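2 protein chains.
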Amino acid sequence: MCELLGMSASVPTDICFSFAGLMRRGGATGPHRDGWGMAFYEGAGYRAFHDPGASADSEIARFMQSYSIKSTNVICHIRKANRGRVCLENTHPFSRELWGKVWTFAHNGQLKGIKKRPLNFYQVVGTTDSEYAFCWLLDQIRQRFPKGQKNPKTLQSFIRELISDLSSLGVFNILMSDSAVLYAHCSTSLHWLTRRAPFGEAKLLDADIEVNFADHTTPDDVVTVVATEPLTSNENWQKMASKELRVFKLGQSVGMS
Amino acid sequence: MCELLGMSASVPTDICFSFAGLMRRGGATGPHRDGWGMAFYEGAGYRAFHDPGASADSEIARFMQSYSIKSTNVICHIRKANRGRVCLENTHPFSRELWGKVWTFAHNGQLKGIKKRPLNFYQVVGTTDSEYAFCWLLDQIRQRFPKGQKNPKTLQSFIRELISDLSSLGVFNILMSDSAVLYAHCSTSLHWLTRRAPFGEAKLLDADIEVNFADHTTPDDVVTVVATEPLTSNENWQKMASKELRVFKLGQSVGMS
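So the sequences go chain by chain: A and X. First residue of the first sequence? That's 1 in our numbering, and the numbers climb one at a time after it. First residue of the second sequence? That's 1001 in our numbering, and the numbers climb one at a time after it.
By construction, these hints were calculated from the structure, which means they are not laboratory data. Bear in mind that the values here come from a model prediction, so they are computed numbers and not experimental data. Every residue, glycine too, gets a C-beta built ideally from N, C-alpha and C. Possibly wrong hints are sitting among the right ones.
[To be verified] No farther apart than 16 Å at their CA atoms in a straight line, the calculated lysine to aspartate or glutamate pairs in the EDC-like style are these: (1) X:K1243 to X:E1161; (2) A:K70 to X:E1059; (3) X:K1150 to X:D1178; (4) A:K80 to A:D57; (5) X:K1070 to A:E59; (6) X:K1203 to X:D1178.
[Said to hold, decoys possible] Pairwise CB distance ranges, derived in the manner of DEER restraints: (7) A:G148 to X:R1085: 22 to 28 Å; (8) A:E59 to X:P1031: 28 to 34 Å; (9) A:S68 to X:V1254: 27 to 33 Å; (10) A:Q143 to X:K1112: 34 to 40 Å; (11) A:G148 to X:Q1143: 18 to 24 Å; (12) X:G1200 to A:A214: 56 to 62 Å.
Extracted from the complex, chain A is given alone in its bound form (with noise of 0.2 Å):
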């Protein structure tokens, strides 16, 4: 099992509140010690943080709990390895290039066999099976719609066929972005709530941090945060169902199948 962090906001946002919790799960609180990391949208651009080592230990962890990068879409994994060993190639989120975009994933759980289907544009580097799910879904994407997809309907549904495919394998938790829309699969466990005005005070399950969100907001101001189990002890985190898939954009759900 590995623990899942998303993020998906209307305006950027920092991370820093949720991101402690998820923290102290990396071997603190919690087993998940065998790598972390965290990938961040900033319009087009991307940039990622990957560390192979215990995010309870780590100081590339601490100093990102200091250091507020805003972004309107976020991924974040805390790994506690099952299947391909403990190294940096390893290491979620994966990312790809698919029609000038970057697409970024992350998986909680493990697929049967997911390494006998063949892969064709994208390659991959370490050698999980999620990292092998991801190249696969990217492949019949590209594939279906070599020039990309205007509607997002049609995209989405597509995808949802995949990811219904893959789902038959095993435990297929996920998060996935291509810089526009945050998706979020359930087959175990996601739960997920949105914060927006009145904004209200949230205290951390892991660790004794408070954040009063009214004091970091402005009235307009809509975030999403999708985790693996709830971070916080007051709010009303909503648990997906089984099978469940969430599309959030500009942190509001804007498709549920």
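Since chain A is already given, all that's left is putting chain X on it; use the hints.
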């Protein structure tokens, strides 16, 4: 103009000392205020740090000077924008996956007419000449060797042809790596030196910092550093000739044309 810094080493080595000098040129001792980035290979694994702000003021850059990531291949870049606005997606180094390896690329110069050349597999995310040239280069390599090329001489000879072609469009000082080797091509300015036993002291030109490499190395270590302008005042930097291409592997110069 931008500035480049690369390292090729026989054993994982940190680049903190050289990076400390380069970062000063990003807004303090030099005018390269428009973003910086550094890419590290750890085996097949790859991680990069990008910041669209000035490196001399960057909190991430300050952190990276104290945080020792040991790598056998590093590429750094500080940017003085000429083509393409200042933003994350225009911040070097750029990276793409080819043959299951992450390739990375940083460029100093301008290429006239590069954007008239068609791109096929790899598309640009940002708007720089540099990323366009990198995508074009990888496109050609992929088309010529769809399944990879195990003979390094054959591959390097083809890359030499491509670089010569691109050089005809303007200034093309570059550093590029496929995780195994570091390519360095000079149009107008690139210098290199190899440090090996007996190791001595070095003093930065841009900051009041000295290091005695004998304290940080073993007798078998071999480390080559490549930079737009020499970074130290008391070492014997070799100036590369115009149109010279060098290939470094594990700290040694293994090819030159």
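Hint by hint, here is what the structure shows:
no. : hint                          : in the structure
1   : X:K1243 to X:E1161            : 11 Å, holds
2   : A:K70 to X:E1059              : 14 Å, holds
3   : X:K1150 to X:D1178            : 13 Å, holds
4   : A:K80 to A:D57                : 15 Å, holds
5   : X:K1070 to A:E59              : 14 Å, holds
6   : X:K1203 to X:D1178            : 31 Å, violated
7   : A:G148 to X:R1085: 22 to 28 Å : 23 Å, holds
8   : A:E59 to X:P1031: 28 to 34 Å  : 31 Å, holds
9   : A:S68 to X:V1254: 27 to 33 Å  : 44 Å, violated
10  : A:Q143 to X:K1112: 34 to 40 Å : 35 Å, holds
11  : A:G148 to X:Q1143: 18 to 24 Å : 21 Å, holds
12  : X:G1200 to A:A214: 56 to 62 Å : 59 Å, holds
Hints 6, 9, counting from the list given before, are not met by this structure.
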